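Got chain A sorted already, so can you dock chain B onto it with the hints?
Line by line, the protein sequences are chains A and B. First residue of the first sequence? That's 922 in our numbering, and the numbers climb one at a time after it. First residue of the second sequence? That's 922 in our numbering, and the numbers climb one at a time after it.
If you're looking for bench data, these hints aren't it; they were derived computationally from the structure. In this text, all values refer to a predicted model and were calculated from it rather than measured experimentally. For each residue, glycine too, the CB sits at the ideal point set by N, CA and C. Check each hint, because a few of them may be wrong.
What the hints assert, rightly or not - With beta-carbon atoms standing in for the labels, derived distance ranges:
{"#": "1", "chain 1": "B", "residue 1": "Gly934", "chain 2": "A", "residue 2": "Lys1071", "range": "46 to 54 Å"}
{"#": "2", "chain 1": "B", "residue 1": "Gln1133", "chain 2": "A", "residue 2": "Arg949", "range": "34 to 42 Å"}
{"#": "3", "chain 1": "A", "residue 1": "Pro961", "chain 2": "B", "residue 2": "Ser1036", "range": "24 to 32 Å"}
{"#": "4", "chain 1": "B", "residue 1": "Gly1131", "chain 2": "A", "residue 2": "Thr933", "range": "51 to 59 Å"}
As the list claims (entries may be wrong) - Sample of chain A residues lacking proximity to chain B, with all beta carbon distances greater than 12 Å (derived):
{"#": "5", "residue": "Glu983"}
{"#": "6", "residue": "Trp1042"}
{"#": "7", "residue": "Glu1046"}
{"#": "8", "residue": "His1104"}
{"#": "9", "residue": "Gly1131"}
There are 2 protein chains.
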Amino acid sequence: MNLALLFDEDFTGTDRVLLRGRRLEHLRTVLKASTGHQIPVGRANGAMGTGEILTLTDTEAELKVTLSQRPPQPLPLTLILAMPRPKMFRRVLQTCASLGVKDIWLINSYKVEKSFWQTPWLSEENLKENLTLGLEQAKDTVMPQVHIRKLFKPFVEDELPALLANKIALVAHPGTTAPCPVHLNEPAALCIGPEGGFTDYEVGKLEEAGCQGVHLGPRILRVETAVPVLISRLFDACG
Amino acid sequence: MNLALLFDEDFTGTDRVLLRGRRLEHLRTVLKASTGHQIPVGRANGAMGTGEILTLTDTEAELKVTLSQRPPQPLPLTLILAMPRPKMFRRVLQTCASLGVKDIWLINSYKVEKSFWQTPWLSEENLKENLTLGLEQAKDTVMPQVHIRKLFKPFVEDELPALLANKIALVAHPGTTAPCPVHLNEPAALCIGPEGGFTDYEVGKLEEAGCQGVHLGPRILRVETAVPVLISRLFDACG
Chain A
922 MNLALLFDED FTGTDRVLLR GRRLEHLRTV LKASTGHQIP VGRANGAMGT
972 GEILTLTDTE AELKVTLSQR PPQPLPLTLI LAMPRPKMFR RVLQTCASLG
1022 VKDIWLINSY KVEKSFWQTP WLSEENLKEN LTLGLEQAKD TVMPQVHIRK
1072 LFKPFVEDEL PALLANKIAL VAHPGTTAPC PVHLNEPAAL CIGPEGGFTD
1122 YEVGKLEEAG CQGVHLGPRI LRVETAVPVL ISRLFDACG
Chain B
922 MNLALLFDED FTGTDRVLLR GRRLEHLRTV LKASTGHQIP VGRANGAMGT
972 GEILTLTDTE AELKVTLSQR PPQPLPLTLI LAMPRPKMFR RVLQTCASLG
1022 VKDIWLINSY KVEKSFWQTP WLSEENLKEN LTLGLEQAKD TVMPQVHIRK
1072 LFKPFVEDEL PALLANKIAL VAHPGTTAPC PVHLNEPAAL CIGPEGGFTD
1122 YEVGKLEEAG CQGVHLGPRI LRVETAVPVL ISRLFDACG
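Isolated chain A, as found in the complex (with noise of 0.2 Å):
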């Protein structure tokens, strides 16, 4: 936690805050701070600043809060995912939020099996908590949208079109003849596929929907590990 999040719930008034749980566990264990120190802070989808530590307690800290910094820039991203298995789901999350992603479309495929989708991970909760974390991680404050869309039919032939409009847009895909651009100037809409790839027929119907395949050489990634990968291609800075 390199900046403690703040949403409207935690605010008592304009300049103060209420911190319990784990960000109050995280204030006293890890920072090891007290009364008088100053904590990086943000307000989520709002400004950054630093927190003054009036009271701390077993139960709660209380801050005042100076909020003026604006947040990094946000990548200019619409990262559509197969869902990815539920152990490496977080991680991504968290991954993706650290990086700037705002834009996170998660799509069935062939090769998402379907207890993927029963995952606890998806609940709004659970999305907001990790999103959290990787906002936090990287001192970001703007909480990225989530959008589950479990049929690929539907949503690539009549949500996707409309989503890449104006935009350089690409598949990864093993195999494809393009190698994947670096260092765009535009925004951008990637498809990454499940473990196992994309089938022909939904590389296919990514195509007709406006999408070039690129891919990143002969070794095959994790998805975890394409994520940054072809992130860190596309845009040279990640803020």
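This is chain B only, laid out in the frame that chain A set:
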């Protein structure tokens, strides 16, 4: 496992191997392979090709292998990494192996907790297993070398300068003024600190040894994210 990595002890003849344990399990349960099937294989530190399943029982599979393709290019990178937290270490190792890093130095740093060095993941057997998993994921055969240095100062003063000779030498450190370069066409050495970063003293010593401090922008990334992001940025092609 996109390729089964074969070791000397697996060979029963010049083109015959016996698979047991994890790789057999994968053949049976994930690939659902049977006699006559061909699977991608590679000989550790050697060529890649295909293995035809001659017999398959509950306890072993016999394959006839044909090995003629070269593995993908290694990255010309010496990666010097403050020993990560054990929970993260396995994944970082696998990621490095799948990205083509062949030279990994695990070093001490003020913020590396002493307990990190006690992890069983540092045993020779476990290092080999996790590097193997990374290579099998990426379809590579060349086993990375891992060097363990539990004392920071002797490493940086006595060994590091020679390691950096004829290489672009970098230390990733938030807050430095130079952005991390992109598209290197020459060998590089990259130092990555622990959670919380190298101390100023440590950055100073690394700079004295010849490293330039570089940053990735305002976002602070976890080590397991920073590794693929930095590598992807430094080298266009992963293989």
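Tested hints:
1. Hint check: Gly934 (chain B) to Lys1071 (chain A), Cβ distance near 50 Å, so the stated range 46 to 54 Å holds.
2. Gln1133 (chain B) and Arg949 (chain A) have their C-beta atoms about 38 Å apart, which keeps the hinted 34 to 42 Å range intact.
3. Roughly 27 Å separates the CB atoms of Pro961 (chain A) and Ser1036 (chain B), a value that falls within the hinted 24 to 32 Å.
4. With their beta carbons about 52 Å apart, Gly1131 (chain B) and Thr933 (chain A) fall inside the hinted range of 51 to 59 Å.
5. For Glu983 (chain A), the shortest C-beta to C-beta distance to chain B comes to about 26 Å, beyond the 12 Å cut-off, and the non-interface label holds.
6. Non-interface call for Trp1042 (chain A) relative to chain B: holds, since the shortest CB-CB distance, roughly 18 Å, exceeds 12 Å.
7. Listed as outside the interface, Glu1046 (chain A) is consistent with that label: its C-beta sits roughly 22 Å from the nearest C-beta of chain B, beyond the 12 Å cut-off.
8. Some Cβ of chain B comes within 12 Å of the Cβ of His1104 (chain A); the nearest lies about 7 Å off, and the non-interface call is violated.
9. Against chain B, the non-interface label of Gly1131 (chain A) holds: every CB pair exceeds 12 Å, the least being about 25 Å.
Checked against the numbered hints listed earlier, the structure breaks hint 8 alone; every other hint is satisfied.
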